[in-house]
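Novice: Sequences and hints are given; from them, build the entire structure.
Heads up: the sequence lines are chains A and B, in that order.
Count along the first sequence starting at 1, add 82, and that's the number in our numbering.
Count along the second sequence starting at 1, add 2, and that's the number in our numbering.
No lab work stands behind these hints, which were simulated from the structure alone.
None of these values were measured; they are calculated from a predicted model.
No residue lacks a Cβ here, since even glycine has one placed at the ideal position from N, Cα and C.
Treat each hint with caution, since some may be false.
[To be verified] Straight-line C-alpha distance at most 25 angstroms; calculated DSS-like pairs for lysine-lysine: (1) A:K370 / B:K13; (2) A:K332 / A:K315; (3) B:K215 / A:K413; (4) A:K373 / B:K73; (5) A:K148 / B:K73; (6) A:K373 / B:K13; (7) A:K413 / B:K147; (8) A:K389 / B:K53; (9) A:K261 / A:K373; (10) B:K73 / A:K389.
[Claimed, not checked] Computed from the model, here is a short list of chain A residues facing chain B with C-beta under 7 angstroms: (11) T380; (12) S400; (13) L401; (14) K402; (15) E403; (16) V404; (17) V405; (18) P410; (19) Y411; (20) K413; (21) I414.
Listed below, chain by chain, are the residues.
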Amino acid sequence: MNTFSEYQNIIEKALNRNEISKGLNESRRYTGLAGPTSPGRYTFSDYVSNRSQLSFSADLVAIANKMGAVPLNNQVIGHHPHFSHLKGTTNTEKHYIISAFIDIKGSTNLFKKYDEETNMIITNTIQLAAINVCQLFGGFIQRIQGDGLFVYFGGKNVDKSKATQHCLTALGLFSYFVKNDLKRAFEQHGIERIFTKIGIDFGDDDKVLWGVAGKDNTSEIATYSLHTSLAAKMQAYAGSNEIVVGQYVKDKANFDSMLYTVVEEQRYIFSDQDNAFYYTQYVFDWLKYLKSSQHIATSIAGDITIKPQIATIPSIASLKEVVGENRPYAKIKFR
Amino acid sequence: MQKLSLDKDLKEVLEMFPKLKLFEKDKKKFIRGEINIFDAADNYVDSFDIKVTVPRNYPYGFPSLFETGNKFEHIPDRHISEDGSCCVCPLQESDLVSQKGITIKDFFLKYVIPYLANQLYFDSEEEWANGDYEHGVDGILQYYKELFKLNDIEEVINLLSFFNTKKMNRNDDCYCGQKAKLKRCHIQTYNTIKNLSKVQIETDLFRLKNLSKRLAREQKNQKV
Numbered sequence: 083m084n085t086f087s088e089y090q091n092i093i094e095k096a097l098n099r100n101e102i103s104k105g106l107n108e109s110r111r112y113t114g115l116a117g118p119t120s121p122g123r124y125t126f127s128d129y130v131s132n133r134s135q136l137s138f139s140a141d142l143v144a145i146a147n148k149m150g151a152v153p154l155n156n157q158v159i160g161h162h163p164h165f166s167h168l169k170g171t172t173n174t175e176k177h178y179i180i181s182a183f184i185d186i187k188g189s190t191n192l193f194k195k196y197d198e199e200t201n202m203i204i205t206n207t208i209q210l211a212a213i214n215v216c217q218l219f220g221g222f223i224q225r226i227q228g229d230g231l232f233v234y235f236g237g238k239n240v241d242k243s244k245a246t247q248h249c250l251t252a253l254g255l256f257s258y259f260v261k262n263d264l265k266r267a268f269e270q271h272g273i274e275r276i277f278t279k280i281g282i283d284f285g286d287d288d289k290v291l292w293g294v295a296g297k298d299n300t301s302e303i304a305t306y307s308l309h310t311s312l313a314a315k316m317q318a319y320a321g322s323n324e325i326v327v328g329q330y331v332k333d334k335a336n337f338d339s340m341l342y343t344v345v346e347e348q349r350y351i352f353s354d355q356d357n358a359f360y361y362t363q364y365v366f367d368w369l370k371y372l373k374s375s376q377h378i379a380t381s382i383a384g385d386i387t388i389k390p391q392i393a394t395i396p397s398i399a400s401l402k403e404v405v406g407e408n409r410p411y412a413k414i415k416f417r
Numbered sequence: 003m004q005k006l007s008l009d010k011d012l013k014e015v016l017e018m019f020p021k022l023k024l025f026e027k028d029k030k031k032f033i034r035g036e037i038n039i040f041d042a043a044d045n046y047v048d049s050f051d052i053k054v055t056v057p058r059n060y061p062y063g064f065p066s067l068f069e070t071g072n073k074f075e076h077i078p079d080r081h082i083s084e085d086g087s088c089c090v091c092p093l094q095e096s097d098l099v100s101q102k103g104i105t106i107k108d109f110f111l112k113y114v115i116p117y118l119a120n121q122l123y124f125d126s127e128e129e130w131a132n133g134d135y136e137h138g139v140d141g142i143l144q145y146y147k148e149l150f151k152l153n154d155i156e157e158v159i160n161l162l163s164f165f166n167t168k169k170m171n172r173n174d175d176c177y178c179g180q181k182a183k184l185k186r187c188h189i190q191t192y193n194t195i196k197n198l199s200k201v202q203i204e205t206d207l208f209r210l211k212n213l214s215k216r217l218a219r220e221q222k223n224q225k226v
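Specialist: Dropping the structure here:
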């Protein structure tokens with residue numbers, strides 16, 4: 083999938099040019115500086131100038147539009163624009179929200195071959211891919227925490243089901259990028275096991291209280307909800323590149339129930355015996371979901387690609403190869 | 003055993019083509035949904051809505067492909083037969099495959115995808131990637147002419163009649179008249195014919211004889 087190719091290019095530049103090689107005397111030097119014609123080290127300032135040009139393919143933007151996702155512009159972290167009227171007050175408000183916790187695991191493996199600056203470039207780029215795809219699908223970045231992100235989906239006048247679907251689509255696409263495209267790039271450099279763990283839950287209008295956390299400049303507009311807490315807990319149950327979701331996400335997204343399997347390790351992420359409330363967590367099969375999407379095409383090898391808005395034949399010779407020896411016939415009335 | 007193999011094969015195809023779904027009506031199984039066509043470099047080209055029926059005596063019998071999205075005109079010139087099915091190959095080839103048996107996965111890989119890719123090729127180039135067979139009985143004659151490397155319809159009928167009644171051994175002199183044993187001459191052609199079903203050969207002979215009579219009649223009328 084070439085949706086994140088610009089992000090991947092940056093990561094590959096950092097991986098290719100900044101690898102530390104160990105000489106005979108164990109002194110560390112950069113392979114990127116090895117030859118007179120080498121392009122040199124990929125620095126943080128190179129990254130900053132490349133970062134400003136990052137964009138997504140027009141086809142991905144078109145999908146987000148078709149699905150009815152509306153990006154929230156001019157985001158200020160910790161201050162969801164739909165609840166900014168709560169800032170500086172002691173007011174609270176009840177309103178639904180979808181909470182998603184995204185963590186990128188295994189980035190410490192990078193330190194084996196790369197220095198802190200390179201680690202920063204790579205981690206930032208992965209985070210930026212997640213930020214941008216979430217924002218494209220209407221997500222709001224509530225917090226950046228370590229290698230991970232805490233994102234809200236939904237808000238005022240945003241349909242609950244659609245917001246849930248947008249969230250699952252954005253994070254499914256991001257998971258695919260990490261699990262496939264990035265994995266290949268990292269493995270070429272002997273770096274293994276960089277993966278995502280994602281937890282998502284939906285809290286309805288009567289279950290989410292919005293208010294200000296902290297005080298003055300040390301504050302954010304936060305949600306107080308069992309389901310925000312559960313999303314973070316579910317993330318811990320997610321295996322490598324898995325998305326774990328709560329029962330209400332399953333209900334709201336209204337996708338095929340075949341896309342979900344109960345988390346075997348612990349079915350109920352929350353149990354309240356007194357009120358007979360048992361809340362189930364599921365592994366969401368995001369790959370199966372993406373493959374079943376009308377906007378996505380799957381090759382025989384199982385690779386996915388976003389369908390272009392206008393179908394074209396990239397290469398007639400390459401299409402002819404697929405035709406092989408096919409030579410059609412037509413049965414018509416035999417006279 | 004057969005059911006087990008069918009279920010396993012269907013599962014494999016549904017995983018390979020995730021937008022296809024299995025249906026059953028009047029105890030007939032069929033697969034329906036969208037199929038995506040990629041080129042050899044794995045670039046996406048286009049999609050088709052299709053239906054593929056599974057033969058009752060699977061893996062024997064030849065599945066049928068239907069294009070249900072009307073992405074191209076359903077006319078003989080686009081190789082769609084009168085019952086709406088896609089003519090993915092000559093009747094003789096489907097007869098050979100039917101007897102040998104074909105998994106549903108192989109049907110998709112060897113016939114469905116190449117046929118649909120060929121439709122896209124035709125849309126772009128206004129010709130078929132490897133040419134095509136003529137429609138109806140003319141296509142049958144074309145198949146045997148090419149197989150036997152003969153030009154005359156009577157010669158084709160004679161040779162096909164010969165194969166229909168005579169059995170040959172590998173060490174016999176070749177039927178073509180060359181002084182060589184069959185195994186060193188036209189064994190491949192002989193094996194193809196030998197593997198065709200009796201019904202197919204006799205039906206083809208009947209149709210070719212009718213065609214021959216019609217051609218003779220037309221020739222006579224022209225002279226008159």
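Novice: A separate judgement is required for each hint: does it hold in the structure or not?
Specialist: Verification of the supplied hints:
Pair hint A:K370 plus B:K13 holds up; C-alpha atoms about 14 angstroms apart against a cutoff of 25 angstroms. The suggested pairing of A:K332 with A:K315 holds, with an alpha-carbon distance near 17 angstroms, which does not exceed 25 angstroms. Of the pairs offered as hints, the one joining B:K215 and A:K413 holds, with about 20 angstroms between alpha carbons and a cut-off of 25 angstroms not exceeded. Note on A:K373 and B:K73: the hinted pairing holds, with a Cα-Cα distance of about 22 angstroms set against a maximum of 25 angstroms.
Taking the CA atoms of A:K148 and B:K73, the gap is near 22 angstroms; set against the 25 angstroms cutoff, the hint holds. The suggested pairing of A:K373 with B:K13 holds, with an alpha-carbon distance near 15 angstroms, which does not exceed 25 angstroms. The suggested pairing of A:K413 with B:K147 holds, with an alpha-carbon distance near 18 angstroms, which does not exceed 25 angstroms. Among the hinted pairs, A:K389 with B:K53 is consistent with the structure: their alpha-carbon atoms are about 21 angstroms apart, no more than 25 angstroms.
A C-alpha spacing of about 15 angstroms is found between A:K261 and A:K373, which places the hinted pair at or below 25 angstroms, so the restraint holds. The hinted pair formed by B:K73 and A:K389 meets the criterion: a straight-line CA distance of about 17 angstroms does not exceed 25 angstroms. Among the interface hints, the one on A:T380 holds; its C-beta lies about 5 angstroms from the nearest C-beta in chain B, closer than the 7 angstroms criterion. The closest approach between the C-beta of A:S400 and any C-beta of chain B is roughly 4 angstroms, which is under the 7 angstroms cut-off, so the hint is satisfied.
Taken as an interface hint, A:L401 checks out: its beta carbon lies about 5 angstroms from the nearest beta carbon of chain B, inside 7 angstroms. Of the supplied interface hints, the one on A:K402 holds, with its beta-carbon coming within about 5 angstroms of a beta-carbon of chain B, less than 7 angstroms. The beta carbon of A:E403 comes within 4 angstroms of a beta carbon in chain B, closer than 7 angstroms, and the hint placing it at the interface holds. Interface hint at A:V404: satisfied, since its Cβ lies 4 angstroms from the closest Cβ of chain B, which is below the 7 angstroms cut-off.
Given the 7 angstroms rule on beta carbons, the hint for A:V405 holds: about 4 angstroms separates it from the nearest Cβ of chain B. Because the beta carbon of A:P410 sits about 4 angstroms from the nearest beta carbon in chain B, less than 7 angstroms, this interface hint is met. Hint status for A:Y411 relative to chain B: holds, with the closest Cβ pair at about 4 angstroms, below 7 angstroms. For the restraint placing A:K413 at the interface with chain B, the shortest Cβ-Cβ distance is roughly 4 angstroms, inside the 7 angstroms limit, so the hint holds.
Interface hint status for A:I414: upheld, as the beta-carbon distance to the closest one in chain B is roughly 4 angstroms, under 7 angstroms.
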